[in-house]
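These protein sequence lines map, in sequence, to chains H and W. Position 101 of the first sequence, counting from 1, maps to 101 under the numbering used here, and the rest follow consecutively. Position 10 of the second sequence, counting from 1, maps to 1010 under the numbering used here, and the rest follow consecutively.
Hint data in this document are derived by calculation from the structure and do not stem from the laboratory. Every residue gets a Cβ at the ideal spot worked out from N, C-alpha and C, and that includes glycine. One or more of the hints may lead you astray.
[Said to hold, decoys possible] Each computed SDA-like pair below joins lysine to any residue, with the alpha-carbon atoms no more than 25 Å apart:
id, chain 1, residue 1, chain 2, residue 2
1, H, K272, W, R1053
2, W, K1008, H, K272
3, H, K387, H, R410
[To be verified] Covered stretches of chain H, as calculated for chain W (at least 3 residues, CB under 8 Å):
id, segment
4, 235-245
5, 481-487
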Amino acid sequence: MNYLLWHAPAESARRFPDRPAVQDATTTFTHRELHELSNGVAGLLTSRGLTRGDRVGMWMPKQARSVAVMLGVSKCGGIYVPVDPQAPVDRAAFILGNADISVLVTSRRLLASLSHHLESFASLRAVLVVDDQGGELSQTPVPTLGWGSVMPSGETPAIANAVDSDPAYMLYTSGSTGTPKGVVISHLNALTFIEWTIATFQIRPEDRLSGHAPLHFDLSVFDIYAALGTGACVVMVPDRIAPFPAEFAKWIEEQKITVSYMVPSAFIRLLKHGELERFSYPLLRTILFAGEVFPVKHLREVMPHFPQAEWYNLYGPTETNVCTWMHVPKPLVQEIELSIGTSCENFDCFALTSDGRKARPGEEGELVVRGPGVMLGYWKLPERTAKNLTPNPLHKDFTDLIYRTGDLVRVLEDGTSFQYIARLDHMVKTRGYRVELEEIEHVLHANTRIRNAAVVAIPDDEVGARLRAAVVVEGANGLSQQELASHCATKLPSYAIPELFVLMAELPTTSTGKVDRRSLAESLGQYSAVG
Amino acid sequence: MLRNDLTKFIQENLLQKDPTPIGPEDSLIDSGIINSMGLIRLVSFIETRTGVRIPDAMITPDNFETVTAIERTIDEVRHQRGV
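All chains should be modelled from the sequences, with the hints used to inform the complete structure.
This is how it looks when you write it as structure tokens:
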């Protein structure tokens, strides 16, 4: 039976032992090698006392070994917690501490930057350093091991009573209180999505999937597990290439990528700066995008560069992974309003009106999701979980939970597809990442020289939303753009740093005394685009 | 001086977690200093600071490997344009 995340990859190791499974800039593992290596990781973790339900933090550059770690953690019943390797150290330390990790997997450089925090992780029992070939490296402050401690093995350690509703991994997203929150995803949640993608996009052993998204972003769940579950190969875009659009376009051609899943802003960068016409992509057959709205004008322009490809718009928050999809028509006409499509198989999506009934065609409502793909909850946040996972008002006679996405949609005339309208609260998407404006404001407010601050999102075709801040500074001496950006950079990931800070004497307010966000958005929207 | 301005910009805007100073020959890419967002900011800074627009085909890892490589790239574009 395949009911845990590592089961299908283990089956691929039997059926396609010598086919490549994962490739990075320097290393390729076959399915058998990956299986045996991840058994080694599982054996090492088990020997260090990791038991079912323990968390393993992964703060490391994305590489082939990352996949062995993910599978290895799953094989011993642990929960892996990937953290953005580009995150500021305070943010990473917060996440690792919040997850109460037992083991940290990291690189030498990142470990050095985290050294002051290690002792604050009360449950930490061991550190595994992926880019050190040594064995036991040190004993203080916690036992630190090199990758040389991982002994590949044909045997998978047995764990008793593992079930598919056990958590498999946690992904941290922005939180409204100013701190990130962990979305707990079970094996069943993840497999519901993965199995749907394999069947729908007919992933085959010959496929080469590009691994573009970072591991803390759930687009990577598709790249990795759809490949491993079918005998295909996930080809990780090297960090050296990913930021450079023209280099990346050449890489897609050279690496014979057949399936690619990225955020629209990555495609738009390729279109605007990748010189796509210099290369050809006859093998790229399936292109998936998700994470933000893809403006039709850019999509129309980019599609002809990949004439063999079918394009699909996928939609879903981290809490459900993908839950709706649509096949983009070819040719795409300008007048079309791109919808988020219909429910994926084994997902039930519908819209609830503000008075709690199911929206009919033409009506608007909050999109809600039910089914086995919906997360278990937010880590250590029962109240927040109860707010978002609520009883289904349509099924009052038995326990049935729905996830409230907070996204406002309109039901289309077919009664089954949806048009995305807006976030119901202040969460916005910028460059494919979810950002809560309050979180950025919280960081600005933490600076003693800042009296007041408000962040607004200016809708933008290219990046989804441009973040701009209005800031009121204490005293006569202002703060420079760079000082403000540097301050944000100590606490926030780069995509959440406002591109522009406008100093104001006071923030405009509404009649009730609240910050007038609408008028701020209008005035800050008048500055021309940056970057 | 352009080299100092570039170093200062990178130091103040792209270095998030690592306060160690960067030298003209330090790799900006392998160390993760230049990511997608960082590259956009850096290119836009160069255009504002020097008035030189770097063609897309020249925005490559080799040309942005180090502060020295970036300086050389800007010179090359200037030379091609005869400015």
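Okay, which hints does this one fail, numbers in order?
Number 2 - this is the single hint that the structure violates.
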